[in-house]
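*Asks:* Sequence:
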Amino acid sequence: MAEQMAHLAALDEHPRINIRVLPHNSWLTTGLQGAFILAGGPGMPDMVYLESIITGQITADSERVREVRLKYEMLHNEALPRRASLQLIREMAEKWTN
Numbered sequence: 001m002a003e004q005m006a007h008l009a010a011l012d013e014h015p016r017i018n019i020r021v022l023p024h025n026s027w028l029t030t031g032l033q034g035a036f037i038l039a040g041g042p043g044m045p046d047m048v049y050l051e052s053i054i055t056g057q058i059t060a061d062s063e064r065v066r067e068v069r070l071k072y073e074m075l076h077n078e079a080l081p082r083r084a085s086l087q088l089i090r091e092m093a094e095k096w097t098n
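Counted from 1, the sequence shown has number 27 at position 27 by UniProt numbering; the numbering is strictly sequential.
Keep in mind that the hints were calculated from the coordinates and are not lab data. Wrong hints could be hidden among the right ones.
Per label pair, the in silico range of CB-to-CB distance [stated by the list, open to error]:
#: 1; residue 1: Q4; residue 2: E78; range: 20 to 28 angstroms
#: 2; residue 1: M44; residue 2: K95; range: 39 to 47 angstroms
#: 3; residue 1: I17; residue 2: Q57; range: 22 to 30 angstroms
Just so it is clear, the structure is predicted and the values come from calculations on it, not from any experiment. No residue lacks a Cβ here, since even glycine has one placed at the ideal position from N, Cα and C.
My request is simple: use the sequences and hints to build the entire structure.
*Replies:* Structure below.
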């Protein structure tokens, strides 16, 4: 597990990766049912990829994209700040090393 935590900390150095930790005592369950990815770009509609234990789905349905974006914002607002997240990840790596 220590190696996985160290890998996460190293990934955060990438300019397009921002790792945030959702505290254990958070009341949010958004995202626990499966992964999701929000995507968009010039000349293309905003889209979302939704993944569950049995299937994956891509949609550009504006209502579904809006709903997932709102849930993402809820998660982001509840998560620890970037530095605090990295500190916790490094502490856990140290704990699992010893």
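*Asks:* Please go over all the hints and tell whether each is borne out by the structure.
*Replies:* We went through each hint and held it up to the structure:
no.: 1; hint: Q4 - E78: 20 to 28 angstroms; in the structure: holds (23 angstroms)
no.: 2; hint: M44 - K95: 39 to 47 angstroms; in the structure: holds (43 angstroms)
no.: 3; hint: I17 - Q57: 22 to 30 angstroms; in the structure: holds (24 angstroms)
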